[in-house]
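Sequences are here, hints too, so could you generate the full structure?
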Amino acid sequence: MNKPLRRVAIFCGLLMVALMIRSNWIQFVQADELQNHPKNRRVAIERYQQPRGNILLSNGKPITGSTETKSIDFKFKRTYKNGKMWAPVTGYASQAFDASQLEKIYDGILTGDDDRLFFNRTIDMLTGKDQKGGNVITTLDAEVQKAAYETMGDKKGAAVALNAETGAILGLVSTPSYDPSSFAGMSDKDGEAWNSLQKKNNPDEPMLNRALRQTYPPGSTFKVVTAAAALESGMYDIDEKTDTPDPYRLPDTVTDLGNDGNHPCEDASLRVAMQWSCNTVFAKISHEIGNEKMIEYSEKFGFNKEHFVPVRAVESVYPEDNRPQNAMAGIGQASNRATPLQMAMVAAAVANDGKLMEPYMVDQLVAPNLNVVEEHTPKEIGRAVSPENAQKLQQMMEAVVEKGTGTTAQIDGVTVGGKTGTAQHGENNSKNPYAWFISYAKTDDGSPPIAVAVVIESANVLRDDIAGSKLAAPVAKAMMEAALDGKR
Amino acid sequence: MSTSHVTGSHTTISSGGLPSRRNTELAMLGFAVLIPVFAYANVGLAINGELPAGMLAYGLGLGLLAGIAHLVVRKFAPYADPLMLPIATLLNGLGLVFIWRLDQSRRLKLLNEGAAAPNQLMWSALGIALFLAVLVFLKDHRVLQRYTYISMVVALILLILPMFFPAVYGAKIWITIGGMSIQPGEFAKIIIAVFFAGYLMVKRDALALASRRFLGLYLPRGRDLGPILMIWALSLLILIFETDLGTSLLFFGLFVVMLYVATERTSWILFGLTLAVVGAVAVASFEPHVQGRVQDWLDPFHVVRETGNPNQPAQALWAFGAGGILGTGLGQGHSDLIQFAVKSDYIFATVGEELGLTGVMAFVLLYGLLIERGIRTALAARDPFGKLLAVGLSSAFAIQVFVVAGGVMALIPLTGMTMPFLAQGGSSVIANWALVAILLKISDTARRPAPAPAPSPDAEMTQVVRS
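Sequence order for the protein chains is A and B. Residue 1 is where the first sequence starts when you use the working numbering, and the numbers rise one by one after that. Residue 1001 is where the second sequence starts when you use the working numbering, and the numbers rise one by one after that.
Be aware that one or more of the hints could be misleading.
As a list, the in silico BS3-like pairs of lysine-lysine whose alpha-carbon atoms are at most 25 angstroms apart [what the hints assert, rightly or not]:
1) Lys75/A with Lys129/A
2) Lys1203/B with Lys3/A
3) Lys1203/B with Lys39/A
4) Lys200/A with Lys156/A
5) Lys39/A with Lys241/A
6) Lys1203/B with Lys70/A
7) Lys81/A with Lys155/A
8) Lys1109/B with Lys75/A
9) Lys39/A with Lys132/A
10) Lys155/A with Lys104/A
Derived Cβ-Cβ restraints for the label pairs, each shown as a range [stated by the list, open to error]:
11) Arg1106/B with Asp188/A: 52 to 60 angstroms
12) Asn1112/B with Thr122/A: 35 to 43 angstroms
13) Met20/A with Leu1273/B: 21 to 29 angstroms
14) Gln30/A with Phe1164/B: 49 to 57 angstroms
No lab work stands behind these hints: they were computed from the structure. Heads up, the beta-carbon is just placed ideally off N, CA and C, and yes, glycines get one too.
Structure follows, in structure tokens:
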């Protein structure tokens, strides 16, 4: 009977070995994944074990805070200063609903758990102090943000302001917004607040970050990109006649494309066509450059790519399409779509003499002892257009503000270049169009140009009244003024 | 059953002049008492910042129980295996610490879970009392052989009883008498091993020799299939009517192992495995309780994804993950998030979280050591009944450890059984102390220098013929 006994002994040993292997698997191989599962309560318990580090503005003022609570699991709770205005920047950190955006990406820094804070933690542990979180210093400018948020008022839309020379994000507004303090805790009230903000209960989608995560048809603001393509291709120059009929018959169709208003669009030069936003000219240019080349030129401005600022911005698209659609894409009215961030990057690249900078909104990560853990250095994504062509584009955009469709954005003593847009949407243009304005402002004192993009989704005004210059340009103007005031 | 095999070790087989190893046992017991006392102090310091008030009493109590057990072993089973008692004491002692630690949880107090450690201490004392009683009154394990068929009846009654009591959390494994809940399966485990050992000892020749060869396998005769089919049917009935996967698996597995040992026929294992798979798949196809368990096993996070609220299997996995390699330290984990049953079925998750991979490996090794000492006892035993009983008890213990720990770690579908000695539950701790006592008794007989009376000549003959 001993032979089978030995085999049973081996079998029982194997059972134990199987347990050991499994234990190694879940406690070593999978441990990280299990520990960081978003629904694992331990993540939140650790997150709120100590006062969370803060998110600061470029002027060093915090826009977040922490307050002590009485709950078993969570010692502290997140608070926000003017949470509605800053929510598109901070995201949220909630005991019940995890975290998002900066709060999520820099969770390790803010809680003090990041590997780079290991030394700090060890010192704290040895000296018997509680663990402390580090801070996240953003590039945001309180005045620019406030100007944008207040002029947007109750309109639905988004606005982005960039330092064109560095790519630093100065303002990032999305409306309607939400107050992340309202669901930072664990209570039923927090749950209700959260539910009332969800898309299914709130068609306005307050939690959608429109500046980074929503793409819109860019409308006429895309003509800047088309003009850049025209100049870069060498097929056109700024003051050359473009040989365009008015109306222009779209290729392969019997559809005639006209222009808004009574402007000298027939056979207009690029400069004149930009000034009056001539659809016919830019549709023809896009068609003649061709789909493949248009994709290439728009990609130079950052299209067809996600950007991380470090919050993810969705990709703006210029897709492959048929010839009539490609012609319409030249005026931003086809399958091409863009985020407000992307259009701000277009304006910034033009203002920065053709150099496209990587947009970012976190300048420094700072340890609890104020040591800098990580610092952003401005990075060039690439050259969108040559310096000469950038100059020509600037002339065109400045003409728009000086004497074209964008006069509402003029600022005394400042060179402003811009482009309006009114993008139609809905079946047969049935819904209120999107009002766009992209612009930049430069002073002579050598301070970096400020680039801005504003989109307003739907406003309760008459359709005819909706135009980039009436709705979006004032917001852009307020942001540029706020940014320049800060410099002076 | 010639002892010409090459075991090499002289500690258990050869006769005459063997050290009794009682002093080894005593030294080991010292550790087995000290380690839980340190663990207890550790929990108190971690949770309340001070040494627990009951520490001295606990240490003295555990030491006293272990001391008495040791003295009784010295007197009534002087040649018994020296490791089993210390391992059981250590596991039981640490189990008490873990239960006390979970008693301190504020989360569990909010759920109105009362303190469980005092009761568990009482059950442990009762368990050790039963352990002592077995050592004192069971003069020779072969006495049990007389009760083969009575055991069968008792085991059947114990297994069938829970069907008539209401299900507790989906499984009918409890009987309630006067407000006290008993898990009869834990006792049935021992009694059924006695029955199988007695039955197989008598029938094994018939089962082993009378067979037909088919495709290179020795297939049993049709009429010899009767017993295994009966046990199989009974296991399935348990599974269906008591929705208790663990008990069902345990009994069937136990029978197949013992059948294999008794007959040395591999074909029984293949046959048994086939039956088990067929039965399990068939039952799982219509029994929602079993289906749920299987689904939780295949995808432990499906409930989290679907409802947003984690269920116990997910919480248990997170507890293990949170432990990592070294664990959070006693008293510093959050395994109480598992909530209900964290002290019983899921107690191993607390080990995983607070002692980490290191602690889990140590516990599995301790269980493994206890099991292998049991099988060693079977190897050393000189009578077939003792061999069969020892291997039966050991493998039942092994299967139980595997099924529970594997279930909690999502290695296999979860079943409602308790971790021997560790988990909260009176029936479990009492039954397992009795199990260890019987193993000790068998090992005492096996290692006793004066040769025991020769086993029945019939059995001897067949062995010689075959080896």
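Outcome of the hint check:
no., hint, verdict
1, Lys75/A with Lys129/A, "16 angstroms, holds"
2, Lys1203/B with Lys3/A, "19 angstroms, holds"
3, Lys1203/B with Lys39/A, "56 angstroms, violated"
4, Lys200/A with Lys156/A, "18 angstroms, holds"
5, Lys39/A with Lys241/A, "63 angstroms, violated"
6, Lys1203/B with Lys70/A, "68 angstroms, violated"
7, Lys81/A with Lys155/A, "22 angstroms, holds"
8, Lys1109/B with Lys75/A, "18 angstroms, holds"
9, Lys39/A with Lys132/A, "24 angstroms, holds"
10, Lys155/A with Lys104/A, "28 angstroms, violated"
11, Arg1106/B with Asp188/A: 52 to 60 angstroms, "20 angstroms, violated"
12, Asn1112/B with Thr122/A: 35 to 43 angstroms, "41 angstroms, holds"
13, Met20/A with Leu1273/B: 21 to 29 angstroms, "23 angstroms, holds"
14, Gln30/A with Phe1164/B: 49 to 57 angstroms, "43 angstroms, violated"
Violated hints for the displayed structure, listed by number in ascending order: 3, 5, 6, 10, 11, 14.
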